[in-house]
Amino acid sequence: SQQGEEDPQALSIQEGENATMNCSYKTSINNLQWYRQNSGRGLVHLILIRSNEREKHSGRLRVTLDTSKKSSSLLITASRAADTASYFCATDAGPGSARQLTFGSGTQLTVLP
Amino acid sequence: DGGITQSPKYLFRKEGQNVTLSCEQNLNHDAMYWYRQDPGQGLRLIYYSQIVNDFQKGDIAEGYSVSREKKESFPLTVTSAQKNPTAFYLCASTRGLVADTQYFGPGTRLTVL
Numbered sequence: 250s251q252q253g254e255e256d257p258q259a260l261s262i263q264e265g266e267n268a269t270m271n272c273s274y275k276t277s278i279n280n281l282q283w284y285r286q287n288s289g290r291g292l293v294h295l296i297l298i299r300s301n302e303r304e305k306h307s308g309r310l311r312v313t314l315d316t317s318k319k320s321s322s323l324l325i326t327a328s329r330a331a332d333t334a335s336y337f338c339a340t341d342a343g344p345g346s347a348r349q350l351t352f353g354s355g356t357q358l359t360v361l362p
Numbered sequence: 003d004g005g006i007t008q009s010p011k012y013l014f015r016k017e018g019q020n021v022t023l024s025c026e027q028n029l030n031h032d033a034m035y036w037y038r039q040d041p042g043q044g045l046r047l048i049y050y051s052q053i054v055n056d057f058q059k060g061d062i063a064e065g066y067s068v069s070r071e072k073k074e075s076f077p078l079t080v081t082s083a084q085k086n087p088t089a090f091y092l093c094a095s096t097r098g099l100v101a102d103t104q105y106f107g108p109g110t111r112l113t114v115l
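Line by line, the protein sequences give chains G and Z.
So our numbering is basically just the index in the first sequence, starting at one, shifted up by 249.
So our numbering is basically just the index in the second sequence, starting at one, shifted up by 2.
These are computed hints drawn from the structure, not numbers from a lab.
Incorrect hints may appear among the rest.
[Said to hold, decoys possible] Partial selection, computed: residues in chain Z whose CB lies under 8 Å from chain G:
hint, residue
1, Y12
2, L45
3, I53
4, F57
5, T103
6, Q104
7, P108
8, G109
9, T113
[Said to hold, decoys possible] Sample of chain Z residues at the chain G side, in silico, Cβ under 10 Å:
hint, residue
10, F14
11, G18
12, Y35
13, G44
14, T88
15, A94
16, R111
17, V114
C-beta: ideal position from N, C-alpha, C; glycine also.
Please construct the entire structure, taking both the sequences and the accompanying hints into account.
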């Protein structure tokens, strides 16, 4: 079964608006990662947040992690048409796990010009 | 340029045939992974390898086989035993000892005719 699940499944916004995607997971983790996938392409790593971190920034991206609620959010500020893609959260299996990630089913973001 | 390459980009197979998908990396990463992605879905782990000459089954290994004879290469064979092989296949690698950032190839789209 998949560890991380994104919400919403699809999101459509206007250029310049902020986009927020959420991820929930079930078991303890070492870290949580967000990836981006353009249609028909491989995934690109965006940001990694460790279980002892609460917030992390990278350019227009802001990720939060609430381990008590087993949830994370990805905020993209001042969105651009080029941000149109699918966004996936990925979690490991916690302490002692092998080098595996479990991916959610993704949020399809469409940014309208 | 460092990275992961996959070939071919598109592959067509007749039912009953085995096909092999190539994955090569020059990142000097220890661990390599194969994922399957179906339309609108997340990634599901097929096989992974943490070291040369060793590999482990993922969540959906049935009908697939792999080898890891060289650190740089991790080919995936889709056998005739795989009942529904049409999908997008992604290869990834990671350097760290835990589930750290994964670097993905561009993918191979396999279609069974």
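**OP:** Could you work out which earlier hints the structure fails to respect and list their numbers in ascending sequence?
**Re:** Numbers 1, 3, 4, 9, 10, 11, 14, 17 - these are the hints that the structure violates, sorted from lowest upward.
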